[in-house]
Amino acid sequence: MTNKALYPVRALRGRRPRFAMALGAVAAVGTLAAMTASTAGVAAASSSQKNKIVPLVVYSAQGYDKLITQDFSKKFHIPVQLDDNSTGPLLTQIEASKNNPKWGLLFVDGATAFAGLDTQGLLLRGYEPNVSWDSLGSQALPKDKSYIPTGVTLAGAMAYNSAKVSNPPSTWQELLSSQWKGQVGTNDPSQSGPTYPFVAGMMNYLGGVTAGESFFSKLKSNGLVVNPTNGPTLAALASGQINIALVQSSAAVGATFSDKNIKVKYLDPVTILPSAIGIDAKASKQEQVEAEEFANYVLSPAGQKVMQTGDPTGDSLYYPVLNGIAPRKALPSLTGVKTQNINPYAWGPRENAVNAWYDQNIVQ
Amino acid sequence: MTSVVTWAPETPRDAAPSGPRRRREGLRRLAGSPSARTLGRRATQLGRPVLWLSIILLILAPCACFLVLAVSPRLFSQGSQWFTLSYLRAVFTGGTAVALLDSIWVSCAAAGMGLLIGFPIAWLANRTTLPGRRFVAGAMWFVLLLPSWLPALGWQRLVQPDGVMYRIGLDFPFVTHAIMGPFGVVLLLGLRCVPFTYLAISAALAGLGQEFEDAARVHGASRSGAIRLVAPILAPAITSALAIGFAETVSDFGVASTLAYTAHFPLATYQLYADINGFPPSFSGAAAIGWLLVASVAVPLALQARALRGRSYAVLSGRTRPVVRRELRGRAKAGAIAFLSLFYLMALGVPGFGAISSSLLADFGTSLQLTFSNYRLVFESSGLAGPLERSLIYGAITASVTVVGGFVFATLLAKKRTKSTKVLDFLLLAAVALPSVVFAAGYIFAYNLPILSRIGINIYQTVTLLVLGYVASSLPTNARVLVGAVSQVQRSLHEAGRAHGAGSVRAWIRGVFPVLSRPLTMAWLLTFCGIFLELPISQLLYAPSSPPVSVAIQDNLGNYHFGTGMAQAVVAVLFALVAVAIVLGGYRLLAPKGWRRIGGGARG
Numbered sequence: 001m002t003n004k005a006l007y008p009v010r011a012l013r014g015r016r017p018r019f020a021m022a023l024g025a026v027a028a029v030g031t032l033a034a035m036t037a038s039t040a041g042v043a044a045a046s047s048s049q050k051n052k053i054v055p056l057v058v059y060s061a062q063g064y065d066k067l068i069t070q071d072f073s074k075k076f077h078i079p080v081q082l083d084d085n086s087t088g089p090l091l092t093q094i095e096a097s098k099n100n101p102k103w104g105l106l107f108v109d110g111a112t113a114f115a116g117l118d119t120q121g122l123l124l125r126g127y128e129p130n131v132s133w134d135s136l137g138s139q140a141l142p143k144d145k146s147y148i149p150t151g152v153t154l155a156g157a158m159a160y161n162s163a164k165v166s167n168p169p170s171t172w173q174e175l176l177s178s179q180w181k182g183q184v185g186t187n188d189p190s191q192s193g194p195t196y197p198f199v200a201g202m203m204n205y206l207g208g209v210t211a212g213e214s215f216f217s218k219l220k221s222n223g224l225v226v227n228p229t230n231g232p233t234l235a236a237l238a239s240g241q242i243n244i245a246l247v248q249s250s251a252a253v254g255a256t257f258s259d260k261n262i263k264v265k266y267l268d269p270v271t272i273l274p275s276a277i278g279i280d281a282k283a284s285k286q287e288q289v290e291a292e293e294f295a296n297y298v299l300s301p302a303g304q305k306v307m308q309t310g311d312p313t314g315d316s317l318y319y320p321v322l323n324g325i326a327p328r329k330a331l332p333s334l335t336g337v338k339t340q341n342i343n344p345y346a347w348g349p350r351e352n353a354v355n356a357w358y359d360q361n362i363v364q
Numbered sequence: 001m002t003s004v005v006t007w008a009p010e011t012p013r014d015a016a017p018s019g020p021r022r023r024r025e026g027l028r029r030l031a032g033s034p035s036a037r038t039l040g041r042r043a044t045q046l047g048r049p050v051l052w053l054s055i056i057l058l059i060l061a062p063c064a065c066f067l068v069l070a071v072s073p074r075l076f077s078q079g080s081q082w083f084t085l086s087y088l089r090a091v092f093t094g095g096t097a098v099a100l101l102d103s104i105w106v107s108c109a110a111a112g113m114g115l116l117i118g119f120p121i122a123w124l125a126n127r128t129t130l131p132g133r134r135f136v137a138g139a140m141w142f143v144l145l146l147p148s149w150l151p152a153l154g155w156q157r158l159v160q161p162d163g164v165m166y167r168i169g170l171d172f173p174f175v176t177h178a179i180m181g182p183f184g185v186v187l188l189l190g191l192r193c194v195p196f197t198y199l200a201i202s203a204a205l206a207g208l209g210q211e212f213e214d215a216a217r218v219h220g221a222s223r224s225g226a227i228r229l230v231a232p233i234l235a236p237a238i239t240s241a242l243a244i245g246f247a248e249t250v251s252d253f254g255v256a257s258t259l260a261y262t263a264h265f266p267l268a269t270y271q272l273y274a275d276i277n278g279f280p281p282s283f284s285g286a287a288a289i290g291w292l293l294v295a296s297v298a299v300p301l302a303l304q305a306r307a308l309r310g311r312s313y314a315v316l317s318g319r320t321r322p323v324v325r326r327e328l329r330g331r332a333k334a335g336a337i338a339f340l341s342l343f344y345l346m347a348l349g350v351p352g353f354g355a356i357s358s359s360l361l362a363d364f365g366t367s368l369q370l371t372f373s374n375y376r377l378v379f380e381s382s383g384l385a386g387p388l389e390r391s392l393i394y395g396a397i398t399a400s401v402t403v404v405g406g407f408v409f410a411t412l413l414a415k416k417r418t419k420s421t422k423v424l425d426f427l428l429l430a431a432v433a434l435p436s437v438v439f440a441a442g443y444i445f446a447y448n449l450p451i452l453s454r455i456g457i458n459i460y461q462t463v464t465l466l467v468l469g470y471v472a473s474s475l476p477t478n479a480r481v482l483v484g485a486v487s488q489v490q491r492s493l494h495e496a497g498r499a500h501g502a503g504s505v506r507a508w509i510r511g512v513f514p515v516l517s518r519p520l521t522m523a524w525l526l527t528f529c530g531i532f533l534e535l536p537i538s539q540l541l542y543a544p545s546s547p548p549v550s551v552a553i554q555d556n557l558g559n560y561h562f563g564t565g566m567a568q569a570v571v572a573v574l575f576a577l578v579a580v581a582i583v584l585g586g587y588r589l590l591a592p593k594g595w596r597r598i599g600g601g602a603r604g
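Just so you know, the sequences run in chain order C and H. Take 1 as the starting number for the first sequence in the working numbering and just add one per residue. Take 1 as the starting number for the second sequence in the working numbering and just add one per residue.
Next up, chain H with everything else stripped away, as it sits in the complex (with noise of 0.2 Å):
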């Protein structure tokens, strides 16, 4: 076998390189020179304490200024008392307290879902021929980019009282009843986990070779035997999906504020959205609900830890064999495509059809009265393009900034744990289970101080506050999705590079990246995806006249401007598609070979 991670030989000292060849000379006997490697210790010195000034000032400041308001609302001039437990006790009654269990089981139930849904698609599209897999990870990436009231709406609209399944004669009230309750919500919070479990598994299946499976068909084992071998190699990614899944779900308010709600079974976000929705608002009793929200994710990280404990998932080394996929015929073949038919059929399917008859249909979208009237308004007077520009910069910038910083923590997640690590996993899984709105309030309540802005520091409504709790509320998602991928990266791909001369940046350039180039593509696109649409941290701290997309459309939703605002979603779905498809296509056309089969994993 080849080795993807290849070695050139020293050049001989006395040979005089020209021309670019002694400009790529010039800049490698720089990065090995003392005072690079000087430069290098000190910034590692200094790695450490600017890492956790970082996680304070995005993540930690913000978080507590908000859910300290539970304890003491005078703080932020939020009511008369230092300190009270009353919030913290309101939780544990009435109605908030049954909506915080539901949204703990129903957070259990749909990342368990998104396991058994997306594990399956993953092995399929990694492992097998199945006909159009090429096509399965720019699906999911559709997937990931609808917001999640999207598809809620477009269940909605289908099996709703006098929706367009009785309107086509199909009368089954008990298709009405399943989806317009917990079981729907369950159902489509599950849908919503299946693109995390895909790119954690993914991601994972990529960095195992063929080797693990050759080893047991050589000791007997029959093709199942050698799944339920290779299965616990990938626990850090099947742990990470769940626990991620989990949090996720915790915090979603899409479904929560339109199916849930209409189902009248309230979940947590939706409490905690309505105490601070309401006016005045109560942001004590929001920050109390957070505060449970933050807690409810020890529980996954808690079966995380005793899922991994002592041992090592390293299996990604430059000797990693691409691994021949497994032929579909007859039946599995069939069911395969069925399967995952019906998959993309309940996730994009059915939204994409409430969308599009949304937008295609002007008086309300409830009769068959097809106008393109939406679109144009859209594309005349909408104002979209500004909006549009905006959040693929947002996206662009946000994503770039946190693909390092994820990486950043996924390494150390993937390192031994020690109570600081541990602390780290914490902080960041607690940060995916508070709603977006949390974080969104918490940078008003510590950036808008009154002292900062006496020391001339005046962030609130600027671009730059906006693109940093952007960053802030999607570096846990994108840390926790990378850990998968970094825990199997072997340390001997860097070492070899180190003991054949390379500085540490070029040996992890030409040994590391190459390997972990495919997962930190696709950490991009999702932090890209999931920031575009973005609605409650885009409402609350966006700059005065540079409103992102997602405001332009709730704009028209709030003002009786169904129509056109499904139509101005469509489109901006559409706008990120493409801007997917560069980013994909772009990999495909500009990686190097190696880059590519070492992260694709299979060969055919």
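Pulled out of the complex, with its shape left as it was, chain C reads as follows (with noise of 0.2 Å):
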């Protein structure tokens, strides 16, 4: 019996391993025929669907997205395909698909990020929607038409604790004195991508980028405690680590909500940072007429209204760039205030190179 089974047994050895082969070939099989069966789908969908209405594929950061997309579909029955997500990984799906893309409108906040895609080509030009622009909205309006300006919220609004801080600081300067030692807070440019058009802005405002440099040197010596993003700033500015924190307008009066004794105040000049809609300019024509539609109904009243109410402590708050319609209550009024745009072709190839020299000079 023992050598009857023997043999076998050394007959077979190293069978196991081939085993396991055929069942790693039926795993890879099964995954190729999913695969395949899936494409050929999209592929059949594509070629019935050609010269009819076809999907808008959206890209947005925007708080209250879902809601203006659910709207627009449902007034004007076009399909959405709305690509939710942080302005930084859209903006590497964008770079990465750039040979085949597939999105077909661009709804986040930035103009230097709007112009960088426009000197690549990558913006439809010339598509101006037929509005009564406001001050605000006239100074944002690229002129050769590649983005359109649906908004715009301030870089490097000024929120402080009212509690420890009675008299805040009137001017950029007063800001370098040992009065507000380490109780200056603000965001690092690389991971927060409304925090690059402040930095962008004071060097704009002071004459350069060495000035700049030099302008946030002095801040960090003065002891300035940076942060990732808006969110751990306030946080900071809410547990009392600093009394004054440089964010977002939309963030800094999204705080006054929740908590009583933060307060928001513009110092002069604040950089104006617009929220807008590029359309993609390989899309498919139909889908670009879509977005050109889209982009008309977000400057309606009926989308304004969707914008003001959708995020309410977030995006929403931000001033319209159109006339007739009005800011929220609860923004501060910009009358009195210097605002100032900087010139986002100029400033938009600078974002990497400025930003390297903040995360080693200023984060570290």
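Do not take every clue at face value.
Selected chain C positions facing chain H (Cβ under 7 Å, derived; list incomplete) [as the list claims (entries may be wrong)]: (1) 57; (2) 81; (3) 84; (4) 85; (5) 89; (6) 92; (7) 93; (8) 99; (9) 100; (10) 231; (11) 241; (12) 323; (13) 350; (14) 351; (15) 352; (16) 364.
Just so you have them, the derived chain C footprint on chain H, three or more residues with Cβ under 8 Å [as the list claims (entries may be wrong)]: (17) 276–284; (18) 437–448.
Hints in this document: simulated from the structure, not taken from any laboratory. Backbone N, C-alpha and C define an ideal beta-carbon position, used for all residues, glycine too.
Need the complex rebuilt from these two chains, each delivered in its own frame; the hints are there to steer you.
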């Protein structure tokens, strides 16, 4: 019996891995089959929809985007596929897929990003909705009409703890005085999208990159606390770690809803940060038409209403760019506040260099 | 001792079975029939090329498409140069070089720490009468389930200036300095490595019968001497745990972007992220860092190969004897309980406190005013149900595909080392070392080529590509975790089945599967937990309008709704825990007693 059993055992040595290979083959074939089935489905769907309404692919980082795309779909019977992400991943997707883009419309904050995409020829130029721009809108509209402003917030708004600060600074230079040593906080422009326009705005106001670097170096010497994004900086303000936070205006005003001690003030000049819509230059004609329709809707009274109510403590806290649309009551008035626009085509290309300098000299 | 794997005597050919018995008999005959054998042979012949094709399509092509950008940005329209070494040169200078060196020593330290903590816990849970040992495994899944940024935020909240520690009157600036610095980074990443060590060592211990310790004791060895004898038998699991700990740490982004960033202690993954997240993104700069991360895994691989060379670790067979647990008494018992409690306090208590306090406090989580408003928002209007359901389904599909692939790769890695298995080993570990964002970007470059669209293949922004990305990112880890258990299985288990007339598949199902059922279940859960809250791949590859739960959470965290996002995270983790409990409970209730005993390895 022993000898009889020994023979097949010897003959079978090493077969187990072969069985494993077969199992692997089945798994791999299954995966590939699933992949092929899916692609075939997509291809068939896209060919059957030629010259008809196509899904509008919206890349958006706005807090109210789900509501506004749903309302648009309902009103115009155009299906929308929403990629709701932070601005960083959306721009990464666009850059990585620029040989074969799959997006139709981009809806984020920051003119520099749009200018960068425009410089690469990725945005449809020359489309302007038939609306009545106010002064903020007119300033934010680019000459080549490659993107469409939908509202503005302010980069580098000053939120302060009124329980501890009764007389907040009234100029940027005052922040450098010993009175505010260790009490000022802001964000890292590498992690927080709205912070680069603030840094670039300060450089623009002070006369250039070198003067701006000098300002931020002095601010650091005075104990500047740098957190990654608006949330942690405002948390540091609320906890008392800092008494002054330089953040995006919508975040600063939003914080006043949950902490009554937080107040907001704008120092002169404060930099305008437009939210905007850009349309993919390589999208199909039909999708471009639908994207234009979407932009028109966003700038209509109905669209503005959704924008102003969809994210009441966040992105809805913007200043409108249209005549006849009033800002929400919680927003401080801009009367008497000096605002500035930075040229996104000049400051956009400097973003990586400025952020790298900031990371190495201010954050570290 | 009763053998767990028993084989029924052959039914006489002239007998006429009926009903289910006849069906079983028919299936068995079919399995052993010449046509089935031919089919099996063909599948085996096809196996190797198909396997390598799947590796090329799933892992190699996307990674290569990304990494090639380091020397040829123009290939994917990311620059003007067809060939340049400038990006690779830049990696060796300035802050990137420092970050890279920091990443390597931190990963070594974290992997070592993971082993130092994970090994004793695995031993205590599997080999002693430690009170509450049945909950150790479940709690370990909890640790694994938490995304690494969550513990980092919890620790920060506790020890940062003006944090909770100071608010309750504990003025310990040295603790703040220690945690908000390299020590804290190593501690957190080391705690992150513990579940990997625990899983690898537990699986190996489960297959290590009592006979080795008995043999040592019979020959006069003390208890510690017996342990010294047994520990080297666990070498595959130990080296596997170290290698995977290193690779997981070197590719971690959660701690790099939170605690390490705040501590001004930059790690390579953060530099890589900064390159990708900048505008315009520097994919070429990120790819250059990626190359060095891949190269860095050569170190643990070489050490592993050196440690295991020329030895066999096949100890698990049908005759493996259940282990008798060591009775813990007095100081040993108190010490073991204190050690385990301290670990779970650091790994779960602190992050749990951070997440729950953030979700219960409305004003940025800094006062002591409790409110359920964030939870109300989650259940009323955040639209969490869809993403939660999607992530559960994606996790289950990914885990099921991955566990099959992981077993196949582990089987190949566990057998005699050839050139192809060495290449496979390196590829898998190198893939673990690559941050997920590299996979995600690589998938866009590889599967969104215009030529693919021209021939009708449009899988970018579909669920298919997302799941493929998940599978590709979790397969290497899964295979590495299974290597320890698979390398212990003796061939005799399968051969015994074949010798008794069973076909290859049947012999495997009856002979090998029961022994591996527990490690396979654990590997399934490992993947499920990893995918459920996975963020970088989800962010870049999810199909529009179908966000997974991690994207939905990040959407709130990034849009000033920190409390709502944290409440979503707490709810999501609870759901995942329920899923883990169902799988573990299901195994306990449904698996035959013999499966659990041979996989469980211990009595009492």
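Hints that the structure is at odds with (numbers, increasing): 12 and 13
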